[in-house]
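Construct all of the structure, not just a fragment, from the sequences and the given hints.
Protein chains: 2
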Amino acid sequence: MDNDATSKRQSLSGPEQRQASDLPNDGSRSESMTSRVYSQLRDDIITGKLMPGQKLKIEELRRLYDVGTSPIREALSLLTSDHFVERIDQRGFRVTRASAEEFAELLKTRCWLEERALRESIQHGSSNWEEQVILATYRLSRVPRSESPDNFVAIEEWEKRHKIYHMTLLSACGSSILLKYCDQLYDQNVRYRLLAGSTAYPKRDVNAEHGEISDAILARDEELAVKLLVSHYTNTGKFLQECLGD
Amino acid sequence: MDNDATSKRQSLSGPEQRQASDLPNDGSRSESMTSRVYSQLRDDIITGKLMPGQKLKIEELRRLYDVGTSPIREALSLLTSDHFVERIDQRGFRVTRASAEEFAELLKTRCWLEERALRESIQHGSSNWEEQVILATYRLSRVPRSESPDNFVAIEEWEKRHKIYHMTLLSACGSSILLKYCDQLYDQNVRYRLLAGSTAYPKRDVNAEHGEISDAILARDEELAVKLLVSHYTNTGKFLQECLGD
DNA sequence: GCACGAATAAATATCGATATTATCAAGCGG
DNA sequence: CCGCTTGATAATATCGATATTTATTCGTGC
Numbered sequence: 000m001d002n003d004a005t006s007k008r009q010s011l012s013g014p015e016q017r018q019a020s021d022l023p024n025d026g027s028r029s030e031s032m033t034s035r036v037y038s039q040l041r042d043d044i045i046t047g048k049l050m051p052g053q054k055l056k057i058e059e060l061r062r063l064y065d066v067g068t069s070p071i072r073e074a075l076s077l078l079t080s081d082h083f084v085e086r087i088d089q090r091g092f093r094v095t096r097a098s099a100e101e102f103a104e105l106l107k108t109r110c111w112l113e114e115r116a117l118r119e120s121i122q123h124g125s126s127n128w129e130e131q132v133i134l135a136t137y138r139l140s141r142v143p144r145s146e147s148p149d150n151f152v153a154i155e156e157w158e159k160r161h162k163i164y165h166m167t168l169l170s171a172c173g174s175s176i177l178l179k180y181c182d183q184l185y186d187q188n189v190r191y192r193l194l195a196g197s198t199a200y201p202k203r204d205v206n207a208e209h210g211e212i213s214d215a216i217l218a219r220d221e222e223l224a225v226k227l228l229v230s231h232y233t234n235t236g237k238f239l240q241e242c243l244g245d
Numbered sequence: 000m001d002n003d004a005t006s007k008r009q010s011l012s013g014p015e016q017r018q019a020s021d022l023p024n025d026g027s028r029s030e031s032m033t034s035r036v037y038s039q040l041r042d043d044i045i046t047g048k049l050m051p052g053q054k055l056k057i058e059e060l061r062r063l064y065d066v067g068t069s070p071i072r073e074a075l076s077l078l079t080s081d082h083f084v085e086r087i088d089q090r091g092f093r094v095t096r097a098s099a100e101e102f103a104e105l106l107k108t109r110c111w112l113e114e115r116a117l118r119e120s121i122q123h124g125s126s127n128w129e130e131q132v133i134l135a136t137y138r139l140s141r142v143p144r145s146e147s148p149d150n151f152v153a154i155e156e157w158e159k160r161h162k163i164y165h166m167t168l169l170s171a172c173g174s175s176i177l178l179k180y181c182d183q184l185y186d187q188n189v190r191y192r193l194l195a196g197s198t199a200y201p202k203r204d205v206n207a208e209h210g211e212i213s214d215a216i217l218a219r220d221e222e223l224a225v226k227l228l229v230s231h232y233t234n235t236g237k238f239l240q241e242c243l244g245d
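So the sequence lines, in the order shown, correspond to chains X and E.
Anchor point for the first sequence: position 182 equals 181 in numbering that gives the first Met the number 0, and the numbering is continuous, going up by one each time.
Anchor point for the second sequence: position 212 equals 211 in numbering that gives the first Met the number 0, and the numbering is continuous, going up by one each time.
Given that identical chains are not distinguished, each listed pair holds provided it fits within a single copy or across any two copies.
27 Å max Cα-Cα, derived DSSO-like pairs, lysine-lysine:
hint: 1; residue 1: Lys-237; residue 2: Lys-162
hint: 2; residue 1: Lys-107; residue 2: Lys-179
hint: 3; residue 1: Lys-226; residue 2: Lys-107
hint: 4; residue 1: Lys-237; residue 2: Lys-48
hint: 5; residue 1: Lys-237; residue 2: Lys-179
hint: 6; residue 1: Lys-162; residue 2: Lys-179
hint: 7; residue 1: Lys-48; residue 2: Lys-159
hint: 8; residue 1: Lys-179; residue 2: Lys-226
hint: 9; residue 1: Lys-162; residue 2: Lys-107
To be clear, the hints were calculated from the coordinates, so they are not data collected in a lab.
Right, here's the structure in full:
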């Protein structure tokens with residue numbers, strides 16, 4: 000259905016995550032310049048390499064990613080719709096600013112949409128979906144949250160599986176549109192999580208929470224599942240708000 | 000908050016609606032080529048002048064709107080995120096295809112999101128919001144639905160006020176993100192409505208329905224208001240489905 | 001000393017041209 | 001007679017240059 004090459008893609012772009020300016024311009028066809036720049040910029044914004052509010056000068060990006068102006072501008076236009084980049088009237092682009100207020104709104108909206116998606120999934124999900132939930136839960140549980148138990152060091156594989164897990168829960172909702180929105184909001188949320196500086200991560204047992212959610216879902220206990228999922232989000236949210244200096 | 004010059008704008012672009020190829024390239028500054036092309040293309044897609052599935056050839060559009068390739072491509076990229084245009088891998092762009100299935104999904108999702116937005120608005124809306132609701136209701140009621148009572152002829156002013164009316168109902172939901180999504184889905188819906196060919200419009204008294212919805216809202220009767228709004232949409236939806244040859 | 005304004009410098013928006021890539025049809029071989 | 005390869009054609013994706021627009025700086029006048 001969504002065969003758009005440049006549209007949403009996993010924010011965690013696979014094994015070979017490259018620094019900006021790596022890989023100047025390999026001849027590997029199959030991916031357009033635009034979509035390459037799009038994903039790299041997206042990654043750099045989500046991971047915080049490009050800070051909120053930062054000016055995105057075309058000429059600078061042109062040199063950084065080693066492409067012409069067109070792919071840069073096109074990628075920025077795309078990111079504009081993802082709310083990762085803001086276009087300022089006739090003064091170019093900048094990274095969307097981040098604030099505690101924006102985050103609060105994001106979190107709230109995300110809970111609303113995911114609640115609906117989860118309810119629909121529980122009501123209509125097939126047995127195949129159940130199996131996917133089980134698998135995603137298991138796979139996520141097999142990867143540690145952080146490299147070190149004390150100070151937090153992100154693990155890319157965890158990020159990847161975590162997103163797959165949460166999207167799988169919603170995947171049977173019957174609306175690719177809603178799913179797309181949830182996907183967007185998920186990525187927005189990851190950005191805030193990484194921005195908050197993940198040093199000293201909360202002591203909650205996140206894996207246990209995931210397990211409970213999955214159990215409620217598989218028991219088709221709609222109310223419990225929604226309650227657990229929402230508090231899963233709001234708990235993390237409260238913590239992030241503190242880091243953001245609410 | 001959203002000072003993005005090129006982002007969402009009213010799908011009904013004011014009094015002087017221009018045909019594509021009007022107004023070749025006037026010197027009127029203040030609006031970038033990109034945003035001009037964006038709104039025109041958007042209008043032409045919503046109103047059906049550009050048909051679903053139609054190939055959007057750059058060179059053709061370049062001549063039609065009398066601009067270079069960059070603004071065209073940028074506008075198309077923007078429209079891609081609005082789901083009005085699809086990008087086909089390395090083969091350019093085309094108008095997003097329309098189908099009864101897609102419409103059903105759209106309608107369903109729209110009901111979900113608007114339900115949430117309406118509930119929040121009713122719970123948190125201020126007295127100022129109430130007044131806006133009253134005003135929007137009144138203004139909509141002052142314009143006839145069609146030029147002629149028999150065969151349907153669209154009235155631009157009605158379209159405009161109708162959108163304002165429905166968005167006003169949701170405007171106190173407390174989430175600009177959710178509001179943006181509802182706005183997008185509204186425009187998508189208008190496209191389907193116009194595509195369905197509005198000849199022979201249903202005999203329902205749409206104005207009365209709007210009045211009832213507003214009354215329920217002002218009485219802060221959440222359940223009733225939601226029920227009325229949703230059936231308002233699903234009724235129209237059923238009718239459109241028939242036209243689409245469901 | 002400070003505000004205003006013109007000239008300079010930076011950066012954007014846009015254009016037209018070029019290099020790539022996909023499409024289509026005709027010719028060749030099976 | 002049909003499928004495959006190969007070339008011609010059309011269209012895209014991308015580039016580098018130019019024209020505008022915005023930001024900044026340096027004088028000048030008050």
